[in-house]
Amino acid sequence: MTSRLTTPVYEEMPEDISDRIDQGELLEIALGPHHPSTHGVFRMDVVLDGERVVKLKPVFGYLHRNHEKIAESASYLASMPYTDRLDYICSLSNNWAYALAVEKLAGLQVPERAEYIRVITAELTRLVNHSATIGFLTQEMGASGTPLMYAFREREKILDLFESLTGSRMMCNYMRFGGCRVELPSGWLEQTKKIVEEFPRFLDEYERLLTGNEIFMARSQGVGVLKKNLAINAGITGPMLRASGVNYDIRKVDKYGIYDRFDFKIPLGEHGDVYDRYMIRMLEMRESLKILNQALRDIPAGPIMDPKAKIRGFRPKPGESYGRIESPKGELGFFLISDGSPNPYRYRVRPPSLINLTVLEDMCRGYSVPDTIVIFGTVDIVLGEVDR
Amino acid sequence: MLEEIKVRIESAVPGCQLEIIPNGSPSGQHSLLLDPPHALEVAKFLRDDPELRLDYCSNVTGVDWLDTEQSPGHLEAVYHLYSMEKKHGPIVLRMRTENRSDKVHLPSVTPIWRSAEFQEREIFDLYGIIFDGHPDLRRIMMWDEFEDHPMRKDYVEPDDYEYEPTPHDHVLTRAKEHVERNPQ
Amino acid sequence: MLGEGILKGLAETARNFLGSYVSKDRLTTVQFPEERLPQAEAARNFPFLVYDGSDWQAGLRCVACQICEKECPPKCIFIEKSKDKKPDYMGKPQFYPAVFNIDVSVCMSCQICVEVCPFDAIEMDNAFELSTCDRFGGLLWPKSQLAKSNDYFHQIHPTAASEVDERLAEAKTKADAKTKPLAGAASSTSPQPESASTT
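Protein chains in written order, with the working numbering: chain A, 1 to 388; chain B, 1 to 184; chain C, 1 to 199.
Misleading hints may appear alongside valid ones.
[What the hints assert, rightly or not] 30 Å max Cα-Cα, derived DSBU-like pairs, lysine-lysine:
{"no.": "1", "chain 1": "B", "residue 1": "Lys103", "chain 2": "A", "residue 2": "Lys69"}
{"no.": "2", "chain 1": "C", "residue 1": "Lys172", "chain 2": "A", "residue 2": "Lys310"}
{"no.": "3", "chain 1": "A", "residue 1": "Lys55", "chain 2": "B", "residue 2": "Lys44"}
{"no.": "4", "chain 1": "A", "residue 1": "Lys310", "chain 2": "C", "residue 2": "Lys92"}
{"no.": "5", "chain 1": "A", "residue 1": "Lys228", "chain 2": "B", "residue 2": "Lys153"}
{"no.": "6", "chain 1": "C", "residue 1": "Lys24", "chain 2": "A", "residue 2": "Lys193"}
{"no.": "7", "chain 1": "A", "residue 1": "Lys317", "chain 2": "B", "residue 2": "Lys153"}
{"no.": "8", "chain 1": "C", "residue 1": "Lys174", "chain 2": "A", "residue 2": "Lys310"}
{"no.": "9", "chain 1": "A", "residue 1": "Lys252", "chain 2": "B", "residue 2": "Lys6"}
{"no.": "10", "chain 1": "B", "residue 1": "Lys87", "chain 2": "A", "residue 2": "Lys227"}
{"no.": "11", "chain 1": "A", "residue 1": "Lys310", "chain 2": "C", "residue 2": "Lys81"}
{"no.": "12", "chain 1": "B", "residue 1": "Lys86", "chain 2": "A", "residue 2": "Lys228"}
{"no.": "13", "chain 1": "B", "residue 1": "Lys86", "chain 2": "A", "residue 2": "Lys265"}
{"no.": "14", "chain 1": "B", "residue 1": "Lys6", "chain 2": "A", "residue 2": "Lys290"}
{"no.": "15", "chain 1": "A", "residue 1": "Lys57", "chain 2": "B", "residue 2": "Lys6"}
{"no.": "16", "chain 1": "A", "residue 1": "Lys228", "chain 2": "B", "residue 2": "Lys44"}
{"no.": "17", "chain 1": "A", "residue 1": "Lys317", "chain 2": "C", "residue 2": "Lys92"}
{"no.": "18", "chain 1": "A", "residue 1": "Lys227", "chain 2": "B", "residue 2": "Lys44"}
{"no.": "19", "chain 1": "B", "residue 1": "Lys44", "chain 2": "A", "residue 2": "Lys252"}
{"no.": "20", "chain 1": "A", "residue 1": "Lys194", "chain 2": "C", "residue 2": "Lys24"}
{"no.": "21", "chain 1": "A", "residue 1": "Lys308", "chain 2": "C", "residue 2": "Lys75"}
{"no.": "22", "chain 1": "B", "residue 1": "Lys6", "chain 2": "A", "residue 2": "Lys255"}
{"no.": "23", "chain 1": "C", "residue 1": "Lys81", "chain 2": "C", "residue 2": "Lys24"}
{"no.": "24", "chain 1": "B", "residue 1": "Lys44", "chain 2": "A", "residue 2": "Lys290"}
{"no.": "25", "chain 1": "A", "residue 1": "Lys69", "chain 2": "C", "residue 2": "Lys174"}
{"no.": "26", "chain 1": "A", "residue 1": "Lys308", "chain 2": "C", "residue 2": "Lys174"}
{"no.": "27", "chain 1": "C", "residue 1": "Lys75", "chain 2": "A", "residue 2": "Lys317"}
{"no.": "28", "chain 1": "A", "residue 1": "Lys69", "chain 2": "A", "residue 2": "Lys308"}
{"no.": "29", "chain 1": "A", "residue 1": "Lys227", "chain 2": "B", "residue 2": "Lys86"}
{"no.": "30", "chain 1": "A", "residue 1": "Lys310", "chain 2": "B", "residue 2": "Lys153"}
{"no.": "31", "chain 1": "A", "residue 1": "Lys227", "chain 2": "A", "residue 2": "Lys194"}
{"no.": "32", "chain 1": "B", "residue 1": "Lys153", "chain 2": "C", "residue 2": "Lys70"}
{"no.": "33", "chain 1": "A", "residue 1": "Lys255", "chain 2": "B", "residue 2": "Lys87"}
{"no.": "34", "chain 1": "A", "residue 1": "Lys308", "chain 2": "C", "residue 2": "Lys8"}
{"no.": "35", "chain 1": "B", "residue 1": "Lys153", "chain 2": "A", "residue 2": "Lys255"}
{"no.": "36", "chain 1": "A", "residue 1": "Lys265", "chain 2": "B", "residue 2": "Lys87"}
{"no.": "37", "chain 1": "B", "residue 1": "Lys6", "chain 2": "B", "residue 2": "Lys103"}
{"no.": "38", "chain 1": "A", "residue 1": "Lys290", "chain 2": "C", "residue 2": "Lys8"}
{"no.": "39", "chain 1": "A", "residue 1": "Lys317", "chain 2": "B", "residue 2": "Lys6"}
{"no.": "40", "chain 1": "C", "residue 1": "Lys24", "chain 2": "A", "residue 2": "Lys157"}
Keep in mind the hints are simulated off the structure, nothing from the lab.
Pulled out of the complex, with its shape left as it was, chain A reads as follows (with noise of 0.2 Å):
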């Protein structure tokens, strides 16, 4: 059922309607930043005619902690904490990238087993990123709750995982440059298998709830649909891109720590609209539970950091690194320049949530209030990476 009743009035946007909203034409309003579905502090000023969207303006840094400043003061450990704190939802992600960069600019060697650890806990953060995406969009469309909390009951297990991993359930603040922090407790990979070996059976419920549901199809198909060329050139990335159907996924292009080895596709969509960023994230989910079958299956013993990294006094050669994951969300970066002291001369995070907001308005120009809520569901925003 893919027909909508109707189609989008506006393709460009009118030149000057300052003068319709003064006449009362166009109702110019903000929506949030006190919003329960804005995924945060965030303000969209929208102009409105009718109910439908006319002009559309992000606003944020609402929740700007200045985190690059603080960076330039701190050492390059005490800057791993406040990594985790980024993108909150996938902490371990966010450390695995700045721990890449890091990395990168003072040449330091991984070894095998922490890199295992590295890809088992960056896919496990995957699968937490995206039931609670998924679970976030089907609140927004007004189910309230019921998909929400069936997504959480599963993400409580993997988060039990990371407590008697890391210590805390969220800012784990667990990889260090050279490796892991500690070794897993024993027990852990068992309890890993186990979760991995049931967490199929949610998916399929989940896709039984909803992937078939009309009402579901009827909000999502078709409604802010973007195109190819527009998300290359805005930079998209992430899922948002690949439901646009551009094969870009940074595990496989730069085969960074040891992705190569495992085998998985990347699911691409066709129409870049909600119903494909939504299948897409399902089908994500089911190829991260095949990389960590795999990396499970193949995890060697060995020391988990590297002999030459140092906790305290670390004082990397001048020079400059860029280092780059894929995150949940999309691409996270890290550049650094290093001046040859203890403290990074310039610390930049390029954050996937504030690129892929520049087409927000692109994509929902001449569709109503509440698809913007849901077109804005599935760019899958955390104001902790836009704002820093």
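Guided by the hints, dock chains B and C onto chain A, whose structure is given.
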């Protein structure tokens, strides 16, 4: 590889002055310094050239270099480019302003790569580089009436901005006095 | 048939609802505070100082080296070194902290202080029911509130505590072996401590 690209750009865009800035770290990501008058043409060539096809501008960073004895201070914008079609990269470009106080204009690459839109706004907000040709250059992280640029190295926090007194300050002085009063 | 997807979805919801009466897997609510789930062994909340023995002031392991103060990311630890020394578990006279305050409203439980401490003197607690009505003084914890015994450490983190005890006992036997004056060739690389007696 960067040398070949430099030669090709110089032959395609006449009159541009490029310079390769080496990178001391083991990451091996050397960068290409562009001159502002020809930057837009170089960027267009890099995006449209059939061999390079650098259609994805991943990261735009601002850097503040203070005045030293060797060279006057300047602000810098660093661009990381990748190619989604050919799957190669990164190519690192740099553009420098002339000084930190009044000559802070640089051309904006937003007409060529739209992903630079929000990132250049952020550099304008936090560093003060004015990008000519940007469709909507205004503050993004700080509120609109804010003055000064917070990420600069010589930024001084204002005295009168409200903060909550945390227990460190006066409790710390109290603890120090306590130790002096009761020596063990 | 129109509506088939919705009916399948309703069947899923019904299965979850009725299943929650039958299987523990579907009913995941824990009636806190009457029921509590056991915390993982590695769980961490805020730091505490470890002391050996029964006297918390004499047995405190911390020697006020101030490494944790320097490495703490939000700078929430405040240490003042004492002027005199007291003997530690090996008998060697060491400084001790006259003032050791942790500002818990700033602490982000990152555990870096535990990682860098060379004397295993600070470890992570897992108590989380810590609310107080005093927003400023009540959240600045002095040494007396932070010091907890080694037995408590064994209770909350058994494997980590036994590992630390083993390491310290090993270091003590090595140090004792070096101070024996009658043993054959003492190792020439490490300097001899002046006072040989440990009591």
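Outcome of the hint check:
1. At roughly 24 Å between alpha-carbon atoms, Lys103/B and Lys69/A fall within 30 Å of each other, so this suggested pair holds.
2. Simply put, Lys172/C and Lys310/A have alpha-carbon atoms about 26 Å apart, close enough for the 30 Å limit, and the pair holds.
3. Of the pairs offered as hints, the one joining Lys55/A and Lys44/B holds, with about 29 Å between alpha carbons and a cut-off of 30 Å not exceeded.
4. Under the criterion of a C-alpha separation no larger than 30 Å, the hint pairing Lys310/A with Lys92/C is consistent with the structure, at around 28 Å.
5. Using a Cα cut-off of 30 Å, the hinted pair Lys228/A and Lys153/B is violated, with the two alpha carbons roughly 40 Å apart.
6. Annotation: proposed proximity of Lys24/C to Lys193/A holds, straight-line Cα distance about 20 Å (limit 30 Å).
7. Under the criterion of a C-alpha separation no larger than 30 Å, the hint pairing Lys317/A with Lys153/B is consistent with the structure, at around 21 Å.
8. For the given pair, Lys174/C sits about 26 Å from Lys310/A by alpha-carbon distance, which is consistent with the 30 Å threshold.
9. Only pairs whose Cα atoms come within 30 Å are accepted, and Lys252/A paired with Lys6/B is accepted, the gap being roughly 28 Å.
10. Restraint check for Lys87/B and Lys227/A: the C-alpha separation of about 20 Å stays at or below 30 Å, so the hint holds.
11. A threshold of 30 Å between alpha carbons decides the hint, and for Lys310/A with Lys81/C the separation of about 27 Å falls inside it, so the pair holds.
12. As the CA atoms of Lys86/B and Lys228/A are separated by approximately 16 Å, the hinted pair is consistent with the 30 Å bound.
13. With a C-alpha separation of about 19 Å, the suggested pair Lys86/B and Lys265/A falls inside the 30 Å cut-off, and the hint holds.
14. Between Lys6/B and Lys290/A the CA atoms are separated by roughly 43 Å; this puts the pair beyond 30 Å, and the hint is violated.
15. For the given pair, Lys57/A sits about 39 Å from Lys6/B by alpha-carbon distance, which is inconsistent with the 30 Å threshold.
16. For the hint pairing Lys228/A with Lys44/B, the CA-to-CA distance comes to about 19 Å; that is within 30 Å, so the pair holds.
17. Annotation: proposed proximity of Lys317/A to Lys92/C is violated, straight-line Cα distance about 39 Å (limit 30 Å).
18. As the CA atoms of Lys227/A and Lys44/B are separated by approximately 21 Å, the hinted pair is consistent with the 30 Å bound.
19. At most 30 Å may separate the alpha-carbon atoms for a hinted pair to count; Lys44/B and Lys252/A meet this at roughly 27 Å.
20. Taking the CA atoms of Lys194/A and Lys24/C, the gap is about 16 Å. The hint holds against a cut of 30 Å.
21. For a cut-off of 30 Å, the pair hint linking Lys308/A to Lys75/C stands: about 27 Å separates their Cα positions.
22. Using a Cα cut-off of 30 Å, the hinted pair Lys6/B and Lys255/A holds, with the two alpha carbons roughly 27 Å apart.
23. Restraint check for Lys81/C and Lys24/C: the C-alpha separation of about 54 Å exceeds 30 Å, so the hint is violated.
24. Pair hint Lys44/B plus Lys290/A does not hold up; C-alpha atoms about 41 Å apart against a cutoff of 30 Å.
25. With a C-alpha separation of about 46 Å, the suggested pair Lys69/A and Lys174/C falls outside the 30 Å cut-off, and the hint is violated.
26. Taking the CA atoms of Lys308/A and Lys174/C, the gap is about 27 Å. The hint holds against a cut of 30 Å.
27. Restraint check for Lys75/C and Lys317/A: the C-alpha separation of about 26 Å stays at or below 30 Å, so the hint holds.
28. Between Lys69/A and Lys308/A the alpha-carbon distance is near 28 Å, which keeps this suggested pair within the 30 Å criterion.
29. At most 30 Å may separate the alpha-carbon atoms for a hinted pair to count; Lys227/A and Lys86/B meet this at roughly 19 Å.
30. With a CA separation close to 28 Å, the supplied pair Lys310/A and Lys153/B stays within the 30 Å bound.
31. Taking the CA atoms of Lys227/A and Lys194/A, the gap is near 40 Å; set against the 30 Å cutoff, the hint is violated.
32. For the given pair, Lys153/B sits about 22 Å from Lys70/C by alpha-carbon distance, which is consistent with the 30 Å threshold.
33. At most 30 Å may separate the alpha-carbon atoms for a hinted pair to count; Lys255/A and Lys87/B meet this at roughly 12 Å.
34. A distance of roughly 57 Å separates the Cα atoms of Lys308/A and Lys8/C; the hinted pair therefore is violated under the 30 Å criterion.
35. With a CA separation close to 36 Å, the supplied pair Lys153/B and Lys255/A exceeds the 30 Å bound.
36. A threshold of 30 Å between alpha carbons decides the hint, and for Lys265/A with Lys87/B the separation of about 17 Å falls inside it, so the pair holds.
37. In summary, the hint linking Lys6/B to Lys103/B is supported, as the alpha carbons are separated by about 27 Å, within the 30 Å threshold.
38. Among the hinted pairs, Lys290/A with Lys8/C is consistent with the structure: their alpha-carbon atoms are about 27 Å apart, no more than 30 Å.
39. A threshold of 30 Å between alpha carbons decides the hint, and for Lys317/A with Lys6/B the separation of about 27 Å falls inside it, so the pair holds.
40. Straight-line distance between C-alpha atoms of Lys24/C and Lys157/A comes to about 14 Å, which keeps the hinted pair within the 30 Å bound.
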